[in-house]
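**Student:** The primary structure of each chain is shown beneath.
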Amino acid sequence: MTADQCARGGSLANLIDYWIGDLDQVSAERIEAHVFECRECADCLAEIATLGAAVKETVSGARIHSIVTDGILNKFARDGLRMRTFSAEPGTFIPCAVWPEDDLIVTRLKGDFTGYEQLTVVLKATEGPELSRDEDIPLAGAREIIMVASAAHLRKLPLMRLQIRVSGTRNGLEQTIGEYGLEHGGAMSR
Amino acid sequence: MLADAIGSAAPGAAREEEAELYRRFAPRVRLYGLRHLRDVAAAQDLVQEVFIVLIERLRSGGVRNVEAIGSFILGTSRTIAVDLRRTHHRRERLTETFADRTISVTQREPMLDQARVEDCLNSLPPRDRMLLVLTFYAEKKAVDIASDLQMAAGTVRVARHRALMRLRECVTGGTPQ
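As they're listed, the protein sequences go chains A and B.
Under my numbering, the first residue of the first sequence is numbered 8, with each subsequent residue one higher.
Under my numbering, the first residue of the second sequence is numbered -10, with each subsequent residue one higher.
If you are wondering where the hints come from, they were derived from the structure by calculation, not from laboratory data.
Careful, some of the hints might be misleading.
As the list claims (entries may be wrong) - DSBU-like mimics (lysine-lysine), calculated; alpha carbons at most 35 Å apart, straight line:
no., chain 1, residue 1, chain 2, residue 2
1, B, 130, A, 82
2, B, 130, A, 117
3, A, 131, A, 163
4, A, 117, A, 82
5, A, 163, A, 117
6, A, 117, A, 63
7, A, 82, A, 163
8, A, 63, B, 130
In this text the structure is predicted, and so the values were computed from the model without any measurement.
Input sequences plus hints: build the corresponding full structure.
**Tutor:** Rendered as structure tokens:
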């Protein structure tokens, strides 16, 4: 299969939609019939299935850092992942730490993000370089950015003061929307 | 042709051809099972049952159009999957009522290098990462993701396709960004 099509005209996009269950029944049956005739597409579908399973395994294992939605947090909870949540208002410093039982650390950044485009989240040590920069982040609500990080990863960080800066573009101008401070207390024990 | 060779040989004599037929089609039946039964063990049951029927029918000359063997295998998969779904649901209910789940062992899917997948997934642009998490972990359809993220469903589909291709490229040889 080339990037998007097999030699018989089967489309990769359709295989992805089929695997996810995003096709109506007639279209799905058409794809199935094609897959049973086309080895190339069968191999490609197997690859999609394997990649999808690997993504699921990574997220289920709490080895992810990502912007998420409340729906994903609910799914984490249903799956038994243990989360510790910190909520930060712009202009404040809050203490945070990782405890032995934590799987994921959730940070809720409060603010008014209405009307901004190209939101960027930069994480840096207060007296140091940028640790990460996420550009054009997706937003599920106008009043909050929800970030999750692997607790296992955060346990490795030393005690430090962190700063998160959220910026965005409005009316063609890039502006800082909020700055949030985290006093990372490291890995705690009971 | 494989199906022809099996059908015209004495029962059990075309072992090589039967094995090759299995190698070609078992993965497709398994994928069909995973997609419709959503359970690894049930998908493996489906593969076994489909191939028992298929080989018996080929050996006895019961497949009318061997040219369209893929179509025959798909039809058989559909029929048997319906039965398996019923059995599976019944078994699940019984398990919930009586069984000790701590002793059950679930067969694992063949997986990629998980460390590599983790690096690649966490290196993707945040929008790609979130789309893949919503799709493959939260199992949300394009229309639901579109509603969550205030995007058009068509845009979600295109973006999801690109995100998966970026992940594939990274996992199969590119470098994490």
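**Student:** Taking the hints in turn, state whether each one holds.
**Tutor:** Hint check:
With a C-alpha separation of about 15 Å, the suggested pair residue 130 of chain B and residue 82 of chain A falls inside the 35 Å cut-off, and the hint holds. Annotation: proposed proximity of residue 130 of chain B to residue 117 of chain A holds, straight-line Cα distance about 28 Å (limit 35 Å). Restraint check for residue 131 of chain A and residue 163 of chain A: the C-alpha separation of about 16 Å stays at or below 35 Å, so the hint holds. Proximity of residue 117 of chain A to residue 82 of chain A is assessed by CA-CA distance (about 22 Å); at most 35 Å being required, the pair is judged to hold.
Between residue 163 of chain A and residue 117 of chain A the alpha-carbon distance is near 26 Å, which keeps this suggested pair within the 35 Å criterion. Between residue 117 of chain A and residue 63 of chain A the alpha-carbon distance is near 28 Å, which keeps this suggested pair within the 35 Å criterion. The straight-line distance between the Cα atoms of residue 82 of chain A and residue 163 of chain A is roughly 26 Å, inside the 35 Å bound, and the hint therefore holds. Restraint check for residue 63 of chain A and residue 130 of chain B: the C-alpha separation of about 15 Å stays at or below 35 Å, so the hint holds.
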